[in-house]
Amino acid sequence: MDDPVAELRPLLFSIAYRMLGSATDAEDIVQETFLRFHRETSAGTQVESPKSYLSAVATRLCIDHLRSARVRRESYVGTWLPEPLITDEESEAERHAETADSLSMGFLVLLESLTPVERAVFLLREVFEYDYGEIASIVGKSEENCRQISVRARRQVQAERPRFEASRAQRDELARRFFAAAAEGDVEGLVSMLAADVVAYADGGGKGFAFPRPVHGREKVARLLQAGAAQGERLGVVAMRLAEINGQPGALFLDPDGATVAAVSLDIADGQVQTLHAVSNPEKLVHLRGIAVRPT
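Note that numbering that gives the first Met the number 0 has the sequence shown beginning at 0, numbered continuously upward.
Keep in mind that the hints were calculated from the coordinates and are not lab data.
The reader is advised that the hints may include incorrect statements.
Stated by the list, open to error - Distance windows between CB atoms, simulated:
1) Arg146 <-> Ala268: 28 to 36 Å
2) Glu47 <-> Gly188: 55 to 63 Å
3) Thr44 <-> Arg66: 25 to 33 Å
4) Gly139 <-> Gly188: 51 to 59 Å
5) Arg154 <-> Arg222: 36 to 44 Å
6) Glu142 <-> Gln225: 27 to 35 Å
7) Thr44 <-> Ala258: 41 to 49 Å
8) Ser51 <-> Glu187: 49 to 57 Å
9) Arg222 <-> Gln169: 23 to 31 Å
10) Glu47 <-> Glu183: 57 to 65 Å
11) Asp269 <-> Ala226: 25 to 33 Å
For glycine and all other residues, C-beta sits at the position ideal for the given N, C-alpha and C.
Hey, can you work out the whole structure from these sequences and the hints?
Written out as structure tokens, the structure reads:
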């Protein structure tokens, strides 16, 4: 496979991960997309625009996958969150994204309210800046229909879209102090950094430690974090590593073998933690083994 085609892999992964909320499934989609491209070109098919062809195949595969996954999501135990993705300047997901907020846990969860086709149209237009003609050919709708879908989806998403701290330096410093306070059991310090209407979400999938419903409010979330530190010790957590998770500040909690027991990301705005997303479902953390992240 020539380099220009191989160079499209990061873009395809970016599309698939945002569509599916799963790094593992996104990798499978990308692999299948390239296999189909290889079969077609080996059979003599001339592909004028590999980018358009590959984007179309990957997006359609994602739509099919989402339709089959919706039943599984409806029967999921507890809160569903995306597989956490470690992001940095070199990550595949970031190379084709202008802003980190389209990777955030909160944003990806919000996309769950859209149908698979709505999600595809919205992402291709708003995040990846495809024109309506390209989008129409990908999803099998008219350009006018795609414009209408885009407007509806954008209106729906913008109404609930999470806010983020404009200053990356301030955001990262607050996160550093937050996780230090959590590790020390400093409830007073935690309370001072939490927004009054903070919400904490946890995804254990029935397999990892998690609370069954979102927890609302500064005091309740602070007590939850204090209890979580004690639970972490019982689960064998021996280290915490700061990491950028889905474009936002976060931390990985590791066992003695270096496996991730939990991944926590923070949505920070106005100098306070607005939302916490914690993933402890071991099936969603396998891909994080061996990830190099900066120590606390």
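Structure-based check of each hint:
1. Arg146 <-> Ala268: 28 to 36 Å: holds, 31 Å
2. Glu47 <-> Gly188: 55 to 63 Å: holds, 59 Å
3. Thr44 <-> Arg66: 25 to 33 Å: holds, 27 Å
4. Gly139 <-> Gly188: 51 to 59 Å: holds, 53 Å
5. Arg154 <-> Arg222: 36 to 44 Å: The hint (36 to 44 Å, Cβ to Cβ) holds, given that Arg154 and Arg222 are roughly 37 Å apart.
6. Glu142 <-> Gln225: 27 to 35 Å: violated, 54 Å
7. Thr44 <-> Ala258: 41 to 49 Å: holds, 44 Å
8. Ser51 <-> Glu187: 49 to 57 Å: holds, 56 Å
9. Arg222 <-> Gln169: 23 to 31 Å: holds, 26 Å
10. Glu47 <-> Glu183: 57 to 65 Å: The hint (57 to 65 Å, Cβ to Cβ) holds, given that Glu47 and Glu183 are roughly 60 Å apart.
11. Asp269 <-> Ala226: 25 to 33 Å: Holds, since Asp269 and Ala226 (Cβ atoms, about 27 Å apart) stay within the stated range.
Violation of the numbered hints given earlier is confined to hint 6; every other hint is satisfied by the structure.
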